[in-house]
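*Asks:* Listed here are the chains, written in short residue letters.
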Amino acid sequence: MKMPGKPYSHLDLAAIRARLASSRGRNYWRSLEELAESEGFQELLEREFPRHAAEWQPDAAGRRQFMKVMGASLALAGLSACTRQPTETIMPYVRQPEEVIPGKPLYFATAVAHSAIAIGVLVESHLGRPTKVDGNPEHPASLGATDALAQASVLDLYDPDRSQTLTYLGDIRPWSGFLGAAREALGSQTAKSGAGLRFLTGATTSPTLADQFRTVLQKFPAAKWHRYEPVGRHASLAGARQAFGEPLHTYYQIAKADVILSLDADFLCTGPASVRYAADFASRRRVRGNQTAMNRLYVAESTATPTGAKADHRLPLRASDVEAFAASVAAGVGVKGVDTPASNGMTSGPLAKWIAALVKDLGQHRGASVVIPGDHQSPAVHVLAHAINLALGNVGHTVIHTDSLDPNPVDDFESLHELVEDMDAGKVEMLVIVGGNPVYNAPVDFAFAQHMSKVKLRIHLGLYADETSELCQWHIPEAHFLETWSDARAYDGAITILQPLILPLYFGRSVHELLAAFGDTPNQTPYEIVKGHWNRQHPGADFEDWWRKAVHDGIVPNTALPARQVTFKGAPTAPARPAQAQALEIVFRPDPHIFDGRFANNGWLQELPKPLTTLTWDNAAIISPRTAERLSLQNEDLVELEYRGRKVRAPIWMQPGHADDSVTVHLGFGRTRAGRVGNGVGFNAYSLRTSEAPLFDSGVEIVKLGSKFPLAATQNHHLMEGRAIVISGKVDEYRKNPAFAKEQAEEPPKELTIYPGFKYEGYAWGMAIDQTACVGCNVCMIACQAENNIPVVGKEQVAMRRSMHWIRVDSYYGGSMDNPETHFQPLPCMHCENAPCELVCPVQATNHSSEGLNDMVYNRCVGTRYCSNNCPYKVRRFNFFLYSDWNTPSLKLQRNPDVSVRSRGVMEKCTYCVQRINEAKIDAEKEDRRVHDGEIQTACQQACPTQAIVFGDINDPASRVARLKAEPLNYSLLAELNTRPRTTYLAALRNPNPEIENS
Amino acid sequence: MGEDPRDKSSIQPGRSAVIAPGHTFATVTDKISSIVLTRRTPLFWFVPFLIASGLLMVFLAAVGYLFARGVGIWGIRVPVMWGWAITNFVWWIGIGHAGTLISAILLLLRQSWRNSINRFAEAMTLFAVACAGMFPLLHLGRPWLFYWLFPYPNSMGVQPQFRSPLVWDVFAVSTYATVSAMFWFVGLIPDLATLRDRARNRWARATYGILAMGWRGAASHWQKYETASLLLAGLATPLVLSVHTVVSFDFTVAIVPGWHSTIFPPYFVAGAIYSGFAMVLVLAIPLRAMYGLEDLITMRHLDNMAKVMLATGQIVAYSYLFEAFIAWYSGNTYEMFAIWNRMTGPYAPTYWLLIFCNLVFPQLLWLKKIRTNIVWLFVMSLDVLLGMWLERYVIVVVSLHRDFLPSSWGIYSPTIWDVATFVGTIGLFFFLFFLFIRSMPMISIFEVRTLLPQAEVTEGIEK
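In order, the protein sequences belong to chains D and S. Reminder that position 991 of the first sequence reads as 991 in the numbering used here, one-by-one numbering, no gaps. So the number in the numbering used here is just where the residue sits in the second sequence, counting from 1, plus 1000.
The hints are simulated quantities; they were obtained by calculation from the structure and are not laboratory data. Hints should not be assumed to be uniformly reliable.
To be verified - Which stretches of chain D does chain S cover? Using the computed rule of at least three CB atoms under 8 Å from a CB of chain S, they are:
#1 263-275
#2 437-444
#3 709-718
#4 722-731
#5 794-806
#6 842-851
#7 862-872
From the three backbone atoms N, C-alpha and C, an ideal C-beta is built for every residue, glycine too.
Okay, chain D solo, but in the shape it has when bound:
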């Protein structure tokens, strides 16, 4: 983190931040020095752009000098006019392209592959502009839903800070210039069969890319292809190697599992399969009428995650204790060769009962249970999980092993280490970094930047001119995935062909084009490369049809990897390190939204509150309240984290439910060359992370610095204060009394208002939200933001509680602070039938529609904000300033043309996506029918992985929403106020194990 007193202390970085935050969008700045307004820079500025023209004395010589310079400049200006632009003629559509109707969007299937593993998406395109990314219902990893990263990816496309030109040492060069230089360098490599040539990519699952690399490596047999993903699946691969002798890939069929045990895995919200896992998980928790069967989730975790929050039983454990815990469970279910030393504290004490009950439960569900180890757990935990799953007979049922998704899997840290050693030894002459940002995110002990400087020719392909490109001679702007062709595998191996929706905005080049430059046909387009690859796989005459269908559907048929039979080879080594009492442990996690730092310049993701902590625009050193008490720390205390001789400054945040004596730091912050949004946000946890312990390690120390660092959390109060807000119960209670929730929500008689009621003769729109299903991933918030042109307001405004999200996900804690029971409550506008807001607006800017919508007329609003005061749910959002960016051209392209961009001084709020309602109604009217149930999906509903949100016509008793509202679990929030909300909630149910409950 950049703060006063750090090595670069001559800059007042706090002041810079303050200035950056106060400037909104349109202020460009040249360097940090300018921002700091340091004297040195002012002096430089003075010399370069002389305001007072100090050097030009009013004597004749000076004037002559001036005329000379001007003359030369004018002559040069004339020269530049010699390159005449070719004549181009633009033409209007004479014959309209098929299917393009202005005002009607088109949808194209492609995939988002952020850590190389694909989630299939359908991208909405308005007259050639992709505006919104939504899930592809045909795709196994999506089923129509998405994660937050996929939703936000469209903003990256239009990010004005993306690198826009190909540069050599900072000067603009044409692509042909790069090709020439690369050819020349390769010429000398050909003789050595590429001994000095190295490629560094992130993880990949692309068959085309693998094929291309095969060709390139055939041409240069001594060249090497390294792979490094800072937050990857290396522990999982290493675990599989130990367990099965080969780097198998594992995925889970959660829908088939009755009992689930997560070993520090946030499988519901993190990772490329999380959308599917969350859907499968929720599909087994829908209690409706007499259907009362529920799965049961046990979670042992260090960092508090949404998965832990959804658990029926949650156990906060330090990350280093999870292995001992897993060993105890393994021993319990009969895995041989696991010794569970009594010293680990798991087999005795209060935990023993917990584990015994869990083991019993697992044992009763052989073949229908699943144990999921976290990607951020040690390989040993993965081995133990494999052993347990085998012992329980889950493999082949709930646990599927396949060949690795990566065609040529390597260990990230080993691979990078090898590269660093080669660079150090001077063996590397030409380094091609394809995507990725190793200068920023390589383990600190590798000193990557330092070693890289020994390489003669350094080439970087990236979306941004980032920390790595700064140290490379060549920087090539990368094409965004919505701008180019590629392919990728989903978590089950199914392949999607990625198609572009728009030509590259900034002449970006794809990975495939760059690789082609090293082959024999350097000028191939990505289309030719990808299609060519697939043509070789399907040489038949029907290829064209096959190709069209595969691209159109967004999934290549029959490409899911077959399940592998496995035999357990590696004996589970269970060293089960005794827990060092009181020794603080540091846990490195990717940020839930910024991930490994690659999304740092995405304002939507920066402003999206992180699950549970609700922090925005920062990372923090997250500790449990008890640890905070022990170290006498408070929220926002600035501390120095000291680990293995390295230090970083971080603010403290207490998270109830976090494991004691453990500090979680999220990676991806503290970027210096991310862009206007991401620069200097948070602290850089990579500066502590070593290759020896990239996941977690003990031995960190916290030194209190005595000052505060303000953080922007969107929710500061997480207790329900005895109010019936999230009504929850155990499934057993429901079985005994299905109406238990209704009894807690007091509904006054309808006639208790002096105003006459409304009649809804046509449609009556309503929403039901299933709090059992909501996993608190916040994807609804960002989907709403993308759909409804919701602006980003920045950290200071969020800290002032002025964030603009139309839907928010509240979290409430019950029980103890050390291991609370957590509930999530998504809160869009309630669209009350007796809406308090409508009553108090003096200018009729918020009105009741004939279909029960509470409409907001932006043009009429004068901004008294009375409606917000009178809204008991506080769902109204106000444009305190001109929050929307009305100037940046590229951001205008992203906007949804069906939704107004709001101006300053206007109230706004959830509309139930009225633009989608009207579109469906127009379609229905044209066909002289009613809108079908399910025809309208609100943006939040569409993105929700667990289908927790259901929208529809409550006048139609057969609609899904009407049926949900008839469920006994359905209740109105703050019903006693007689607001009669159209959005209602289904009470949250849990399925705890009676044996643990009663003990």
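Following the hints, complete the assembly by docking chain S onto the known chain D.
*Replies:* Okay, now just chain S, sitting in the frame of chain D:
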């Protein structure tokens, strides 16, 4: 008019007189008109006037920046969408009430002692309403569209939403401002004529002449004047009660716990008069000392006003107690929490300071010693002004900051711009007020003359 009670009250034994003895018609006229016409403008006028002008500049800067950037420069946020602006609005409009009460209700009740204070109290009303009226406009997200709150024929085919108390406010406040201005101006006419007659400067004579509207002091003029002022007093009297009642509806109509209460209308009116009299005292005490008007604004006046403060203060105190009692008695979770949170929550110091200022400290007014000690009275009045501001702050901010869903609870704090706007309106108020005392007779000349014993005698002879 044989039995005029005012004469008796002015010479009741045991009580100090309304007007100090020794004055004649001429001395009264001289004394009051000379402040405007002949005496040199004193230094004690310039200093506060310049300070007020400086604060007015602060106000203009704050408003300029506000219009340039938006209401986001203030501290308002979800859930406290109304902050200082509405607090100030209610505070200012409350202050105005004392002037109307003095000039209208006390006129109808024939409380003749009011004659010495009604003129500047009415001016205070006008300027306070001007300050108050600014806030609802400034606090709009889009202030340039304020006129949409008025029902006027328009091509949009949209009218204000008449269920909203804000629309009622528009009518209440604009009516109030109009009636107050008319009443004040009508009351000024005879005195303007006096100034016209006495002015030596041509411009002054012309200006006062135009403003005097041809007043010649004819019996028909007086007769029309008396009718008009009685009518206007009749019009203004219900306004004293209705304006603050309507203002209180802004809160009571809403469902926010701490706002939604039937006790608000009387409680607000009493509070308004309470703070209004405090302001009159804050203005009168230094004025009479500086301009040597102790013989016209006597201890009798100060004592009477202190008694009004004491009485209204007791009503306010009763309301505080009942607000808490009803919250408990209702058994409603939210209401109980709202009161409990006022008393013990993050803003508890504000609440207890308000209780001290409005409820505890003013009990000293029971003592005659305090009521007749101008230093104590001045301090007491400032204390009540502070207390009444805090009361509105507690009602507006503390009720909003924790309402129904704990997830949206938050802490409000004002920014420098909130403070600048408020201080700026104080500047505006005093700027106008000092202009007024420099250019208009701050005490009604002709009305004070009727308090003199000579007036009684003359009347008798005429009969």
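*Asks:* Run every hint past the structure and note whether it holds.
*Replies:* Going through the hints against the structure:
Proximity of the segment 263-275 of chain D to chain S, defined as three or more residues with a beta carbon under 8 Å from a beta carbon of that chain, is not established by the 0 residues found. Counting residues of the segment 437-444 of chain D whose beta-carbon sits less than 8 Å from any beta-carbon of chain S gives 0, not enough to reach three: the coverage restraint is violated. A stretch counts as covered by a chain when three or more of its residues have a beta carbon under 8 Å from one of that chain; for the segment 709-718 of chain D and chain S the count is 4, and the coverage holds. Under a criterion of three residues with beta carbons nearer than 8 Å to beta carbons of chain S, the stated coverage of the segment 722-731 of chain D is upheld, 3 such residues being counted.
Check on the segment 794-806 of chain D: 4 of its residues sit with their Cβ under 8 Å from a Cβ of chain S, so the three-residue criterion for coverage holds. With a threshold of 8 Å between beta carbons, the proposed coverage of the segment 842-851 of chain D by chain S holds, since 3 of its residues qualify and at least three are required. A stretch counts as covered by a chain when three or more of its residues have a beta carbon under 8 Å from one of that chain; for the segment 862-872 of chain D and chain S the count is 9, and the coverage holds.
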